[in-house]
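Asks: Protein chains in written order, with our numbering: chain A, 1 to 302; chain B, 303 to 677; chain C, 678 to 942.
Just so you know, the hints here were simulated from the structure itself, not pulled from any lab data. Among the hints, erroneous ones may be present.
[Stated by the list, open to error] What the simulated footprint calls covered on chain B by chain C, stretch by stretch (three residues with Cβ under 8 Å from a Cβ of chain C suffice, anywhere in the stretch; the number is not a length):
(1) 374–387
(2) 457–465
[Said to hold, decoys possible] If you anchor each label on the Cβ, the simulated ranges turn out as follows:
(3) 437(B) to 841(C): 17 to 27 Å
(4) 295(A) to 841(C): 47 to 57 Å
(5) 839(C) to 384(B): 18 to 28 Å
(6) 414(B) to 295(A): 39 to 49 Å
(7) 550(B) to 291(A): 55 to 65 Å
(8) 36(A) to 894(C): 47 to 57 Å
(9) 837(C) to 384(B): 22 to 32 Å
(10) 838(C) to 79(A): 24 to 34 Å
(11) 776(C) to 209(A): 39 to 49 Å
(12) 298(A) to 841(C): 17 to 27 Å
(13) 83(A) to 715(C): 20 to 30 Å
(14) 931(C) to 292(A): 30 to 40 Å
Treat the numbers as computed from the prediction; the structure is a model and nothing was measured. Beta carbons: idealized from backbone N, C-alpha and C, even for Gly.
Residues per chain are reported as follows:
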Amino acid sequence: MADTTAPSTTAPTSTTTPGRRKAVSLTRTPTWAWALPPVLVLALGFLYPLALVVRQSFTPESLEDGGASLTPYTEVFASTVFREALTTTVWLAVGATVGCLVLGFVLALVIAFVPFPGGKAVARFIDVFLSFPSFLITLALLFIYGSVGMANGAWTGVTGAAEGPFHFLTTPWGVLLAEITYFTPFVMRPLLAAFSQLDTAQLEVASSLGAGPVRIVRQVILPEALPALAAGGSLVLVLCLNEFGIVLFTGAKGVTTLPMLVYSKAILESDYPAACVVAVVNIALSVGLYSLYRVVSRRAGA
Amino acid sequence: MSPGNLATTTAPSGIQFDGVSVAYGENTVLDRLDLTVEPGEVMALLGPSGSGKTTALRAVAGFVRPASGRVLIGGRDVTQLPPNQRGIGMVVQQYALFPHLKVKDNVAFGLKAHRTPKAEIAGRVTEALELVGMAAYATRYPRELSGGQQQRVAIARALAIRPGVLLLDEPLSALDARLRSGMLAELARLHRELPDVSILYVTHDQVEALTLADRIAVMDRARLQDCGTPEELYRRPRTEFTASFVGNANLLPVTVTGPGRVDLAGAALDVPTDTAAPGAAATLCVRPHLVGIGAGPNALTGTVTEVQWRGSTHRVHAEVAGHRLVADLRELRDPPALGDPVTLHFASEDAVLLPAGTAPEATESPKKPQAVASG
Amino acid sequence: MLVHSRTGKWATWSAFALLFVPLFAVPLLVILAASFSTNWSGALPSGPTATRYTAATSGDSLQALTTSLVTALCASVLALVLGGWAALAASSLGRRGKRFLDALFMLPVAVPSVVVGLAVLVAFSRPPVLLNGTRWIVIIAHTVLVTAFAYQSVSAAARRLDPMYEQAAASLGASPARVLWRVRLPLLLPSLTAAAGLCFALSMGELSATMMLYPPDWTPLPVQIFAATDRGSLFTGAALAVVLMGTTLLVLTAVSRIRTRASYR
Numbered sequence: 001m002a003d004t005t006a007p008s009t010t011a012p013t014s015t016t017t018p019g020r021r022k023a024v025s026l027t028r029t030p031t032w033a034w035a036l037p038p039v040l041v042l043a044l045g046f047l048y049p050l051a052l053v054v055r056q057s058f059t060p061e062s063l064e065d066g067g068a069s070l071t072p073y074t075e076v077f078a079s080t081v082f083r084e085a086l087t088t089t090v091w092l093a094v095g096a097t098v099g100c101l102v103l104g105f106v107l108a109l110v111i112a113f114v115p116f117p118g119g120k121a122v123a124r125f126i127d128v129f130l131s132f133p134s135f136l137i138t139l140a141l142l143f144i145y146g147s148v149g150m151a152n153g154a155w156t157g158v159t160g161a162a163e164g165p166f167h168f169l170t171t172p173w174g175v176l177l178a179e180i181t182y183f184t185p186f187v188m189r190p191l192l193a194a195f196s197q198l199d200t201a202q203l204e205v206a207s208s209l210g211a212g213p214v215r216i217v218r219q220v221i222l223p224e225a226l227p228a229l230a231a232g233g234s235l236v237l238v239l240c241l242n243e244f245g246i247v248l249f250t251g252a253k254g255v256t257t258l259p260m261l262v263y264s265k266a267i268l269e270s271d272y273p274a275a276c277v278v279a280v281v282n283i284a285l286s287v288g289l290y291s292l293y294r295v296v297s298r299r300a301g302a
Numbered sequence: 303m304s305p306g307n308l309a310t311t312t313a314p315s316g317i318q319f320d321g322v323s324v325a326y327g328e329n330t331v332l333d334r335l336d337l338t339v340e341p342g343e344v345m346a347l348l349g350p351s352g353s354g355k356t357t358a359l360r361a362v363a364g365f366v367r368p369a370s371g372r373v374l375i376g377g378r379d380v381t382q383l384p385p386n387q388r389g390i391g392m393v394v395q396q397y398a399l400f401p402h403l404k405v406k407d408n409v410a411f412g413l414k415a416h417r418t419p420k421a422e423i424a425g426r427v428t429e430a431l432e433l434v435g436m437a438a439y440a441t442r443y444p445r446e447l448s449g450g451q452q453q454r455v456a457i458a459r460a461l462a463i464r465p466g467v468l469l470l471d472e473p474l475s476a477l478d479a480r481l482r483s484g485m486l487a488e489l490a491r492l493h494r495e496l497p498d499v500s501i502l503y504v505t506h507d508q509v510e511a512l513t514l515a516d517r518i519a520v521m522d523r524a525r526l527q528d529c530g531t532p533e534e535l536y537r538r539p540r541t542e543f544t545a546s547f548v549g550n551a552n553l554l555p556v557t558v559t560g561p562g563r564v565d566l567a568g569a570a571l572d573v574p575t576d577t578a579a580p581g582a583a584a585t586l587c588v589r590p591h592l593v594g595i596g597a598g599p600n601a602l603t604g605t606v607t608e609v610q611w612r613g614s615t616h617r618v619h620a621e622v623a624g625h626r627l628v629a630d631l632r633e634l635r636d637p638p639a640l641g642d643p644v645t646l647h648f649a650s651e652d653a654v655l656l657p658a659g660t661a662p663e664a665t666e667s668p669k670k671p672q673a674v675a676s677g
Numbered sequence: 678m679l680v681h682s683r684t685g686k687w688a689t690w691s692a693f694a695l696l697f698v699p700l701f702a703v704p705l706l707v708i709l710a711a712s713f714s715t716n717w718s719g720a721l722p723s724g725p726t727a728t729r730y731t732a733a734t735s736g737d738s739l740q741a742l743t744t745s746l747v748t749a750l751c752a753s754v755l756a757l758v759l760g761g762w763a764a765l766a767a768s769s770l771g772r773r774g775k776r777f778l779d780a781l782f783m784l785p786v787a788v789p790s791v792v793v794g795l796a797v798l799v800a801f802s803r804p805p806v807l808l809n810g811t812r813w814i815v816i817i818a819h820t821v822l823v824t825a826f827a828y829q830s831v832s833a834a835a836r837r838l839d840p841m842y843e844q845a846a847a848s849l850g851a852s853p854a855r856v857l858w859r860v861r862l863p864l865l866l867p868s869l870t871a872a873a874g875l876c877f878a879l880s881m882g883e884l885s886a887t888m889m890l891y892p893p894d895w896t897p898l899p900v901q902i903f904a905a906t907d908r909g910s911l912f913t914g915a916a917l918a919v920v921l922m923g924t925t926l927l928v929l930t931a932v933s934r935i936r937t938r939a940s941y942r
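Here chain A stands alone, though its shape is the one from the complex (with noise of 0.2 Å):
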């Protein structure tokens, strides 16, 4: 234990620059104070609004001065549209990151471990795609596969047929295509940096023993990308989940998800309670798939 019982030993110093120095304050502002005024911004800018989302959807416009009701959630929840725009948005977001995963797993396998000349000009252009805003992939589809776009252009000119075969822009599966174009970068990205650290060596060894691609694949290469393939498709999941400008830009009528209804709740309907409902049905959705993200990239380090 520290010796209290010495004098206290406070040699003088000798000093050889003006004494400009402040005296030695001990009393320091804590360091969690400093984290203070973002959070505050923080709180101002989205939680405060987050918590007014919730209380509106316990109000319907007949309580609107105060009192709390879940007829709002009754309603919302018996409602058709409802339940149709929860399942469309479960199954594009599952089927979405499924493909994103087989797709993504692939062509960074194919960039990581067979290189080509031009190989990290793609890696490029993928961090490229990735800045680029969703509806965009849904716009060029409408020009390919759009009524009179280029596909069925081209099939009507050949045949002579009044209309071309390629209806399914307009269908879930046009919006299945957009989110695995769109968002199959986002598996790639930490995949190909998963990839980046692993030793060569590893491969050439496995190989020299007699191991086949498909082998070494199997059973060197996916153990060491599992990790990032499960925060890539967790992440991916969470962003299908929340998906509003491909859906937005088909202009299907057919397909609802709950961004969809929240937005034509509010928008088109000016039903603020419902729309509400539904956004804190979409939150607690997606910020517990994110959590669950969160705890699986931890644990792979990512």
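Fit chains B and C to the supplied structure of chain A, relying on the hints for placement.
Replies: Below, chains B and C without anything else, positioned relative to chain A:
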């Protein structure tokens, strides 16, 4: 606690560890260290990794907070002071030169932090860079320098603020072997030119410690094991750990049979026994290069188990009375072969008797009464 | 490394091209080609024209572009200050404090942007703060949405920053404030600019929350693109999209220029 300006002091100020313990949770990484570095002394903290030596240095710098005990610099208790108010110079293994600043701005950094008058800064920077022979590189960026050059700049940066105490944390371990011996000589020269600066030098390399230090503190498993001048530790180690860590050593278990006599598995040997009572178990320490081949005093006969040719020497391992004895012999014209019988011997005065068993408690006597002050 | 035979390699590369080109390269090229044409009902576009660009860079469209630029600039600067500050404050906190701030500042990523838009709309359409119908409500929503990304990249960079630089600075007598200004921030500059670029790009393309909030006199470019395609002017939409992508790329390139100059090692 005395406030005020200490960082620009050139007055000699030593370091004092007063029962300093550091723990991370349950894990004690430094256990009640008592050690005094005299003003102007070079003290090496020598030990294997995990021995607590770097923790001790970081406690002086203020980057670890002792769980108990006090750290004094120049007689002043700095235990509660933040690092920037301690007035120390520090050089770490990876140099930590600021990559975004030119060499001269790196060196000026500490001066500006101490509000040195602008007019003085340029002169002090040049002075510090000249001291380490790097004045010609003032406008380079660190990334444009070699490892050895970065090392010199790091030293100049630490010295520019004229600290009373210089902390060196494995400063040469990132350099290759040839540069290392050059820098070692350089550090020795620097210390001759700045005789008032106390240096605490952390290393795991016994050669660095033996070459540079006035005294060496040997650390192991969070504790101070031994402290003394390099010669004392080398010639008269007091623990098995010191004997084997500072230089090589043959350590043989013996029993004291009488004054000046011990028994090694039936073989009677004449060695000084002033530290042990008759009947006690002890460990006999003999340096391999002090073991001779052929007949002589304290002769032991055994079988050769290994012979290594090392250029200027032959290292012969022999099994003697059930124990291994290693001898470093000046290159032999006719070295023995494996399995040959061999006779080895050593002079009584070259042997040291150590307490048997594990390393002794650090509390035994860290501050040796015969500890010699700086030379 | 994985495939050793020549034919095997070529087969793999062809498969890669077959997947990659139609999925990723073609869409962007299609938009580019469409923006220069008047008609696309065959396999190839026809009626080459540049008139869309005259329209896309004047009048409403030009205003939409400046609206987007101003919004993105404000949002990314605000987000950088807010997220960067929080990330730096978090890096000096204990494990629990750090986790709390991480969770708090990453939350906007998990909440759907549409919902963020709705929440901001609900909150600022009533006293005490009435911002509905002003540009500020758009800027607030964008800031909230991109702050998470600023926080994430700055805190990742702060974690990677070797503490030995701060310790060296402190041992030389630098106060915590000086360590922050002279050592940490300069060393973090590359990550800060990268974060700024990311925030800018995200804000430029933000549509979901904006659709909930934008006042008539503050329509950012994505809304304009949607309006064009919604009324059937796909080709105008394509031209506007190219303007959007071009501007974003331009700013990103400029930012990465600063970044390479700022990285000293």
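Asks: So, for every hint listed, does it hold in this structure?
Replies: Evaluated hints:
Counting residues of the stretch 374–387 of chain B whose beta carbon lies closer than 8 Å to any beta carbon of chain C gives 4, which reaches the threshold of three, so the coverage claim holds. Counting residues of the stretch 457–465 of chain B whose C-beta lies closer than 8 Å to any C-beta of chain C gives 3; at least three are required, and the coverage claim holds. Our hint of 17 to 27 Å for residue 437(B) and residue 841(C) holds, since their Cβ atoms are close to 25 Å apart. In this structure the hint that residue 295(A) and residue 841(C) lie 47 to 57 Å apart at CB is violated, the actual value being about 31 Å.
In this structure the supplied range 18 to 28 Å holds for residue 839(C) paired with residue 384(B), their Cβ-Cβ distance being about 20 Å. At roughly 45 Å, the beta-carbon separation of residue 414(B) and residue 295(A) lies within the given 39 to 49 Å, and the hint holds. The hinted window of 55 to 65 Å between residue 550(B) and residue 291(A) holds, with their beta carbons roughly 58 Å apart. In this structure the hint that residue 36(A) and residue 894(C) lie 47 to 57 Å apart at CB is violated, the actual value being about 36 Å.
Range check, residue 837(C) to residue 384(B): Cβ separation about 24 Å, and the 22 to 32 Å hint holds. Take residue 838(C) and residue 79(A): their Cβ atoms lie about 52 Å apart, and the range 24 to 34 Å is violated. Taking the beta carbon of each, residue 776(C) and residue 209(A) are about 43 Å apart, inside 39 to 49 Å as hinted. As the Cβ distance of residue 298(A) to residue 841(C) is approximately 25 Å, the hint placing it in 17 to 27 Å holds.
Remark: the range hint 20 to 30 Å for residue 83(A) to residue 715(C) is contradicted by a beta-carbon distance near 44 Å. For residue 931(C) and residue 292(A), the hinted distance range of 30 to 40 Å is satisfied, since their beta carbons lie about 38 Å from each other.
When each numbered hint is compared with the structure, violations occur for hints 4, 8, 10, 13.
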